[in-house]
Every structure is written in structure tokens, then in C-alpha cells.
Amino acid sequence: MQSSLHDRQHIQTIIETALLVSAEPLNLHDLKKLFAEELRAELLHEVLEAIQQAWQGKGLELVKLASGWRFRARLEYQPYLERLNPEKPPRYSRAVMETLAIIAYKGPLTRGEIEEIRGVAVSTQIVKTLEERNWIEVVGHRETPGRPGLYATTKAFLDDMGLKSRSELPPLAELGQLIVPEVADQ
Amino acid sequence: MQSSLHDRQHIQTIIETALLVSAEPLNLHDLKKLFAEELRAELLHEVLEAIQQAWQGKGLELVKLASGWRFRARLEYQPYLERLNPEKPPRYSRAVMETLAIIAYKGPLTRGEIEEIRGVAVSTQIVKTLEERNWIEVVGHRETPGRPGLYATTKAFLDDMGLKSRSELPPLAELGQLIVPEVADQ
Amino acid sequence: MSHPAEPIALLFGQPVTELPSDLYIPPDALRVMLERFEGPLDLLLYLIRKQNLDILDIPMARVTAQYMVYVEAMRVQQLELAAEYLLMAAMLIEIKSRMLLPRQTVVEGDEHDPRAELVRRLLEYEQMKLAAYEIDQLPQAGRDFRWADAWFDREMVVQLPEVTPLDLKQAWLALLARAKHTKHHTVRPDELSVREQMSAILKLLAGGEYREFSQLFDTTRGVPLLVVSFIAVLELTKEGLIAVSQSEPYQPIYVRLASAEAAMPAAEAT
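As they're listed, the protein sequences go chains A, B and C. Quick note, in my numbering, the first sequence goes up one by one and the last residue is 186. Quick note, in my numbering, the second sequence goes up one by one and the last residue is 186. Quick note, in my numbering, the third sequence goes up one by one and the last residue is 270.
Simulated from the structure, these hints should not be mistaken for lab results. Each hint should be verified, as a subset may be incorrect.
[Claimed, not checked] Pair by pair, the computed Cβ-Cβ distance ranges are:
#: 1; chain 1: C; residue 1: Q215; chain 2: B; residue 2: L39; range: 27 to 37 Å
#: 2; chain 1: B; residue 1: E37; chain 2: A; residue 2: A41; range: 43 to 53 Å
#: 3; chain 1: B; residue 1: L28; chain 2: A; residue 2: E38; range: 42 to 52 Å
#: 4; chain 1: C; residue 1: P139; chain 2: B; residue 2: H45; range: 20 to 30 Å
#: 5; chain 1: A; residue 1: A156; chain 2: B; residue 2: L39; range: 25 to 35 Å
[Unchecked claim] In silico BS3-like links for lysine-lysine, alpha-carbon gap of 27 Å or less:
#: 6; chain 1: A; residue 1: K58; chain 2: B; residue 2: K155
#: 7; chain 1: A; residue 1: K58; chain 2: B; residue 2: K58
#: 8; chain 1: A; residue 1: K64; chain 2: A; residue 2: K106
#: 9; chain 1: B; residue 1: K128; chain 2: B; residue 2: K155
#: 10; chain 1: C; residue 1: K203; chain 2: A; residue 2: K155
#: 11; chain 1: C; residue 1: K96; chain 2: A; residue 2: K106
#: 12; chain 1: A; residue 1: K155; chain 2: C; residue 2: K238
#: 13; chain 1: B; residue 1: K33; chain 2: B; residue 2: K164
#: 14; chain 1: C; residue 1: K50; chain 2: A; residue 2: K106
#: 15; chain 1: B; residue 1: K64; chain 2: B; residue 2: K33
#: 16; chain 1: B; residue 1: K64; chain 2: A; residue 2: K58
From the three backbone atoms N, C-alpha and C, an ideal C-beta is built for every residue, glycine too.
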């Protein structure tokens, strides 16, 4: 009994180590290859479960994928790991930013009204991008033909901007004194 | 106190996770980047030591190398892990190893100077093999005709040998007592 | 080849035991053997060791004689490599001839002893050869141990673009610069809260039901907000977005979405 428990612990350490150093997921067939003796699939499953248990509350988790088992960083640690090799954060296109600015400063207003200000069409993709980000929403409908939706920015948008209310948006009052360049820069 | 202990545990888990997923050794500077707040180097050292302690008797060990800290499988698990990937990396030829040793102990030096010590030409293939392994690199040029490149070993070489610095290389046999071993021991 | 297996040369885990013991060796064996040496220094070291010679007092004649036999074999097989061996042979012969000459002037200061130079090179090479062996004995990544390599799934977290209020202002400015509609779109800060309040009221009424007018006002957040809310209601009415109704004076005022008027009957019909 004593020795079998000891063996079990040893098997578990070997499997855990193999999973931690392997660049690819390992399936049961791979794991069996680690040992000279034939291991029962049942035992392997028990050991894998024990490893999962042992890693509760740690930074990695043992996950089963289509191609096998693999350790990966838990979702909640990703933000820290991202900092190690920060990828350049993606940027929204000018079209998205302008649409957002118009809705933020002038909403609620319809897509047609946004297009009027921008002078160009606002694609469905732009609206979808901002809706999926949960930064804009339809808060009502204009009683004109087609009953177009009225877009406004959301509370989540203000939260993400670190603002308490829309009145905290950078004031545009001093615009009159600004020398507006002929061409939108860049 | 309670919360500081909790923080400490959290910091430890984050660092451990980063070290387990990193494809490169992480130095203190890297580890600091994981956190938004400034961490004291002293605290980091304590945490690294705590992680080393926590992995006692497990399949991996945290080692300090030339370019930072990294987890590796303990040597005694290699026989098991080899069963997974039976293709062993090739042992380098004596010509490669002698060239490497000369660069490690006498570098930076030129190819001509290596040839002088070896008494035989150093083929381009040898240099390429070591460069591709990222074990040697050109660190400068000798200001003689042809400006030959000066080769030195890299940090990656020390890392791969599990060494912190060149001073940890096996000590050279003393010239006076240079008695060729009767038997190539092992 | 009479000796039992006993390694004589360092060949990294492969002890060499089948080396010829003297000069009388068939050329084929020589060829095989010479391939195992890393050059003339290596071969010379072997010969010195093999004959149990004091490395600091090399008997040039014997070593050179043997050496020439090897070199001859090399020359037949592999001319390119032989050049280095020939160079060494020339050096050995030079040393030998010097020693045969009577020493006339005793140590002319800086006249260097070619023997000393050879010994220095042999020692240095031997040192490096041993060092190479030692390095090869170190546990090596990939060969003797594996690095940890757990998975960090970057794709699991979609990185969203970051936007700051200043970016918004920039976008707005660019817009204005392009449209040259500066005057039309000048927005005063206080107007912002009105439009924000308009959104809030529209959301409140989104269900389509009537709301009591007073429900639109949050009395706990100060007079300015009440005023702004009131202006928002007026603005929404003006824009035809909401309908305000009161059956009789002093009766509660009800508000609902203007669109609900069109929508309600249809809803009731079903």
C-alpha cells in the first residue's frame, strides 16, 4: 500500500512535469509513452484529475483540448502576462472615432444625422463596433419615416473614459479661439 | 497584515505563472514589468526564493541563469521526458566543442586566433552551427587587415548550460600539472 | 593491437581503444585513425602520451619519425588536411636540426626556443581540449533537461483599442476642420448634460408605457439636475420624441414615447 501510494505520487509528478515542459498538448497515448510499464487509462485519468485539483487556485490550469491535455495560464492572470510583452494596442479607425465623438457630444441622434455631420456614410460595421464595445446604444426612435434609432453613449462608455458624466468631456467651448487647420492633420 | 500576506501570495502566483509560461529567462526588470505598482527588488528576491522553496521535491526547479530566472525540469526526469520525444539533439562533434571552449575561455577572439590554438582550420560550418544555436556571436572587429570578427559566447550559451556567468565555467586545468587523464572518465 | 580495450584518447564518450601501438600499421588503419584527430596538435599530443614521454622534454627525433609516417598516409588520402600536418612536420624537423647543431652562443637573450613554443602550444591546446570535454559534461538544455513551457493563450483576451476623452476631442476637431462647420456644431458644456438627460429620459420611457411626469426627475441630486431634466423634457417634446399629456389642469402629467402612440394600438390589437 505504502509503495503504491508512493508510486502514484511519482507518476503524478512525472506527468505534471511532462505537461509543464511540453510545447504541445499531450494525449493519453503520449502520457503512456512516458512510462516503461503499461499504465491503465483509468489510472491516468485519476492522476490528471489529481493534478487539476492540485493546481486549484494557482496561476495555471490543466485543460483538456481536442488534441490533449495542456497547462495554460488562467484567464485572470493574462493581464499581468500581457505586460511582459505588450502588444501595441490596436487603434480605432478615424471613422469610428469621429462617429463616437459625434454621438458623445451630440447624441442622441440618428445615423442619418451622424452622416450629415461627418459628410460621409456611417457603415453598419462602425455602429456595430461601438455597440459591441457597449459604448453606444439605441435609446429611442425618431418619428420620421423609417423610425430611425437614436444613438447615445452609454454609462459604460463614461466609466471606460473615467468620467462621471458627459459634461466632463473635454469642453469644446474654446473651439472658437482655435485655429482650425485646413486639412485634418495626419 | 492579513491583506499584505494576501498580496504577497498573489504576487508570488503571478511571478510563478509568468516564469512557467515564459519562453525566455526573466530578469528582475522583466518581473517588475508584470505589476502596475513599483515592487522592491528585495521583495522580488524573497518571492523568488519562496517559489524555489515551494517547488522542492517537484519535477521542475527554478534556476538563476545568466539572463534571468527560468523553470526547468529536474535532470532526473529527463529519461521519462526523452521517451516522449525520442529524437535526441545531436551531440556536437569534438571540432565544434573545442571551438566553443576556446571562444568561451579565450573570447572574444577571431577565427584566425581560434585556428592558431587548435592548429587546424575552423570550418565555416562549425561557426555556423554555433551561431545558429545562438551560443556565439560577433561582438566586434579586430582592427587588422580584413577587420575580422571577434567571437564571444552569448548569455543564451550560459543559460543553456545552466550557468549564471562565465566565471562558473569548469575551471581550466593548470598548465604545469597538465597530465593527460589516463582514462576519459565517466 | 595486442592491448585489451583501454581508452587512450578523449573522444567524447567514445573512448578510442583500437589505435595502432607502433609504426608498423597498415595504411588503412592509419586513415581511419587520422580522421579521429582534430589536427596536428591533437595527433602530436597522442603520440607523446602514447610513448609516455615527458611533455616538457620531447625527443624530437622519434616523434618526428613517427609523425612523418602519419603525414605520408595523410598526404595520400587527403591532401588539404595534410597541409597542416606537413607544417607541423616542418616545425618538428626544424627543431630537431637546431638541436643537432652545437650551441655556440649561450642564450642570446631574446632568441626564442622553438621547443618551448611548441610545448606552449601543446599545453594550451590540451587545456582547451579538456575544457571542451568539461563543457560537454555540463547538463545542457534540450539534451539533458527541458525548459518549462506552459501555454499562454494571447488570443483568449481580445485586446480592445484604448480611447481617452482627449482622443474624442481630437476626433471632433478633425471632423470640424474637415467639414468647416465650426459654428453649427459648437457645443456648450451645459448643453451636454441636457442631451445626456434626454438619453436618460428616452431610456426610462423605452418600455412604451406612460410615466408620471414627476418620475422623470431625481429630486435627490440637486436643483441644477432638475433644471437640466426639465429642459431635456422640453427639448424632447420639441423634437417630437416624447408625448406629454394631462387630462385636466392639476391632474398628473403623463409622459411617454411619441413612437409608443403609433405602436400602442397595434400592440393592443394583437
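Open item on the list: For a quick check of understanding: which of the numbered hints are violated here, in increasing order?
Closed with: 1, 6, 8, 11 and 14
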